[in-house]
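Here's the letter readout for the chains.
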Amino acid sequence: MAKAKESMEKFEAKDGNKLDYFKVQVDEKAPTIMVVSEIWGLTEFIRSFSRRVSELGYNTIAPDLYSRPGDKELFTESNIMDAMRPMWSLPPEKRRDPKAIEEVMAKLSPTSKKIFEYVSQKREEMEKRMIDDLDSLYKGHMGSSPKKGIVGFCMGGGLAFQLSTMVHFDASVIFYGASPRKIEDISKIKGAVFGLYAGEDSGINATLPSVLEQVINNKTNFQMKLFPGAYHAYFNHTGMSYNEKASEISWDMVKQFYERYLHE
Amino acid sequence: MSEIPEDQEGIFDGCFFVWVDVTKKYMSGKEKQFNDYKKIQEESDSTNKK
Numbered sequence: 001m002a003k004a005k006e007s008m009e010k011f012e013a014k015d016g017n018k019l020d021y022f023k024v025q026v027d028e029k030a031p032t033i034m035v036v037s038e039i040w041g042l043t044e045f046i047r048s049f050s051r052r053v054s055e056l057g058y059n060t061i062a063p064d065l066y067s068r069p070g071d072k073e074l075f076t077e078s079n080i081m082d083a084m085r086p087m088w089s090l091p092p093e094k095r096r097d098p099k100a101i102e103e104v105m106a107k108l109s110p111t112s113k114k115i116f117e118y119v120s121q122k123r124e125e126m127e128k129r130m131i132d133d134l135d136s137l138y139k140g141h142m143g144s145s146p147k148k149g150i151v152g153f154c155m156g157g158g159l160a161f162q163l164s165t166m167v168h169f170d171a172s173v174i175f176y177g178a179s180p181r182k183i184e185d186i187s188k189i190k191g192a193v194f195g196l197y198a199g200e201d202s203g204i205n206a207t208l209p210s211v212l213e214q215v216i217n218n219k220t221n222f223q224m225k226l227f228p229g230a231y232h233a234y235f236n237h238t239g240m241s242y243n244e245k246a247s248e249i250s251w252d253m254v255k256q257f258y259e260r261y262l263h264e
Numbered sequence: 001m002s003e004i005p006e007d008q009e010g011i012f013d014g015c016f017f018v019w020v021d022v023t024k025k026y027m028s029g030k031e032k033q034f035n036d037y038k039k040i041q042e043e044s045d046s047t048n049k050k
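In order, the protein sequences belong to chains A and B.
Counted from 1, the first sequence has number 11 at position 11 by the working numbering; the numbering is strictly sequential.
Counted from 1, the second sequence has number 46 at position 46 by the working numbering; the numbering is strictly sequential.
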């Protein structure tokens, strides 16, 4: 196999901004897989995962969804985490309570406040923008690929699942991501989907019964693996809840999944 | 896409709050930075083995 070539490239978003993406090219005729990050952005974990996938013979493209002017400095790992800390005191049932939110907001630093504005008031704008950005990357840089795959983690898993209802992927891998907003959109998926979930991840797993109902009704090509005892983000080896055993099994299953659906 | 209903989580905010719970579980009471996760996990594993 030819040596993989790494580079940072640009793609044009719908709003005209030029965004960054990390590209690992092995062979222009090889299938291409889009790698979509966790909320933490284009981290070393995403880059190392992209390299690992490319070693299997696939081209990978991983967008930096925070590469607009101003976003790069705002949405850093440290800033996002600093915005999370004050939320620890907010019970889940109060997360939609305007009064409770207002009280927490008053204690935030200006940077954390900006991030939290996107999480609360601008959540719809942010989600739409990210989906649009992935769609632009897909249309601009995956069109000529013979087979197309996608993989996403947490937020990226939710975005990958959503995007798979909108454009065609031969193989979509969802690591503990949210289900499509309109669950009946699962009927629009024509490719194969593989969902991997942590047993101890009640927020993400809450919609799985509805997903399975749609899968059965629409005869979607869907396979699922749930790891009892694993926590959210168990696959991220740089993260807090890394689970080595679950991660190894997942990697083997993902390799087989792509082998089957990106080479048929 | 249609509007996110007020009482539901979207992808971005939903993910943020999932991570709020994860960071609370692992980072609570620790004055650590983001990339200290692995170190904390190793310390925790080491303590559990003793």
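Errors might be hidden in some of the hints.
Partial pick of chain B residues on the chain A-facing surface, computed with a CB cut under 7 angstroms [said to hold, decoys possible]:
id	residue
1	P5
2	I11
3	F12
4	G14
5	V18
6	V20
7	T23
No lab work stands behind these hints: they were computed from the structure.
The C-beta atom is built at its ideal place from N, Cα and C for all residues, glycine as well.
Going down the list of hints, with the structure as the test:
1. P5: It is violated, given that the least Cβ distance between P5 of chain B and chain A is near 9 angstroms, above 7 angstroms.
2. I11: At about 4 angstroms, which falls below the 7 angstroms cut-off, the nearest Cβ of chain A leaves the hint on I11 of chain B intact, so it holds.
3. F12: Where the cut-off is 7 angstroms and the nearest Cβ of chain A is about 5 angstroms from F12 of chain B, the hint holds.
4. G14: holds, 5 angstroms
5. V18: holds, 5 angstroms
6. V20: holds, 4 angstroms
7. T23: Cβ of T23 of chain B sits 5 angstroms from chain A, so the hint holds.
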